[in-house]
Amino acid sequence: MLYTTTRNAIDTYTAHRALYEEYAPDGGIYVPFHLPVFTSAELSDILNQSFEDTVAQVLNLFFGLRLNGMDIRNAVGTNSVAEITLGQKVTIAEMWHNPLGDWQSVCKRLYDLTANKNCVPVGWSRIAMEIALLFGVYSAVGCTRSSFDVAVAADDLSEMTAVLFAKEMGLPVGLTVCACDEKSALWDLVNKGDFSAGASQPHYLETFLYKSLGRLAVLQYLDAANNKAVCHLTEEQTELLSSSMFVAVVSANRVDTVTSSMYNTNRYTMDAKTALSYGALQDYRANTGNNKNTLLIAKQHPLRIKE
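Using the numbering used here, the letters of the sequence shown map in sequence onto residues -2 to 304.
Simulated from the structure, these hints should not be mistaken for laboratory data.
It is possible that some hints are incorrect.
Lysine to aspartate or glutamate pairs mimicking DMTMM-like chemistry, simulated, CA-CA at most 20 Å apart [as the list claims (entries may be wrong)]:
(1) Lys180 <-> Asp153
(2) Lys105 <-> Asp50
(3) Lys105 <-> Asp153
(4) Lys114 <-> Glu18
(5) Lys189 <-> Asp220
(6) Lys105 <-> Asp68
(7) Lys180 <-> Asp191
(8) Lys189 <-> Glu179
(9) Lys105 <-> Glu19
(10) Lys86 <-> Asp280
(11) Lys114 <-> Asp68
(12) Lys189 <-> Glu236
(13) Lys180 <-> Asp280
(14) Lys164 <-> Asp109
(15) Lys164 <-> Asp153
(16) Lys180 <-> Asp152
(17) Lys225 <-> Asp191
(18) Lys164 <-> Asp42
(19) Lys189 <-> Asp280
(20) Lys289 <-> Glu80
(21) Lys164 <-> Glu39
(22) Lys189 <-> Asp178
(23) Lys189 <-> Glu232
(24) Lys105 <-> Glu18
(25) Lys189 <-> Asp253
(26) Lys105 <-> Asp152
(27) Lys225 <-> Asp280
(28) Lys114 <-> Glu19
Take the sequences, apply the hints, and build the full model.
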């Protein structure tokens, strides 16, 4: 697979560079020149495999590797995903049962396996790991039945961006529901169409803009950032964002409320990030009345959360 960047559609680069380098020579993030899109039959074949075989196939597609399910199993261990079905059409994929670590640890172990580097994946390699794991989670929890909304917490935008890539590739994702904190610029971007480009921005914002709106939006953002100005999206761009995602501001203080309510009603204990995602889902359903099947990914054991 060849790669271009979030800033340049002409120059192409190898998968080797996209795997090893955080930034391209032009300062952008590597992205696939042609993103593979699966037919219904191909998607069915992929998702009817095991979690490990699915992850291996997607990573092989991105980086031209020769991984198999056993390679993935040796890297991340067994029992990587546990499915919890709650009321109100909510499915939680728990990634913390594996003694080798949670979602972030799995990303790092996969990167060690593919790139032979003892470090955390960054740039396109991080997003590719997230995409592969998302496909694997869908396979593990049987989300092939119908389209699922996906709820995430936007501490950075890597997972949210990965969901958008996976959706274009054919994964049955409906709406992306995202929780952000009070300081995030994401709510203003999605709901108002503008944000201060001179302020501190979440990681992977440029790749998120590229995937959701295209390179023109990236260039708008870079121009505003260079001038420390407010970046204004067009009305059409704003409508496009709001039609594919819902962003809610969920304060940290609300985590206790969400976790207590979830335990009292379902005897289920959530970690902080999953609680934030669930809080955003509650806001989305309260605002729209929609009650579609929704997937949340619990990345960390509740007891591991540091307050």
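For the pair we were handed, Lys164 and Asp42, check the Cα-Cα distance against 20 Å.
holds (17 Å)
Run the distance test for Lys114 versus Asp68: straight-line Cα separation, threshold 20 Å.
With a Cα-Cα distance of about 16 Å, the restraint between Lys114 and Asp68 holds, given a limit of 20 Å.
Going straight from one Cα to the other, do Lys164 and Asp109 come out at no more than 20 Å?
violated (26 Å)
For a C-alpha distance cap of 20 Å, please report whether Lys86 and Asp280 respect it.
The hint holds at about 15 Å.
For the pair supplied as a hint, Lys180 and Asp153, is the alpha-carbon distance within the 20 Å limit?
The given pair, whose Cα atoms are some 12 Å apart, holds under the 20 Å limit.
Do the alpha carbons of Lys189 and Asp178 lie within 20 Å of each other, as the hint requires?
holds (16 Å)
Against the 20 Å threshold, does the CA-CA distance of Lys105 and Asp50 hold or violate the hint?
Holds, because 18 Å separates the two Cα atoms, which is no more than 20 Å.
Verify the proposed pairing of Lys164 with Asp153, using a straight-line Cα cut of 20 Å.
holds (19 Å)
Taking only the CA atoms, is the gap from Lys114 to Glu19 under or equal to 20 Å?
Holds, at about 13 Å.
Lys114 and Glu18 were given as a pair; does the straight-line alpha-carbon distance stay at or below 20 Å?
With a Cα-Cα distance of about 11 Å, the restraint between Lys114 and Glu18 holds, given a limit of 20 Å.
20 Å limit on alpha-carbon distance, applied to hinted pair Lys105 and Asp153:
holds (16 Å)
Need the status of pair Lys180, Asp280: alpha-carbon distance at most 20 Å?
Judged against 20 Å, a Cα distance of about 18 Å means the pair holds.
The earlier numbered hints that this structure contradicts are 14, 25, 27.
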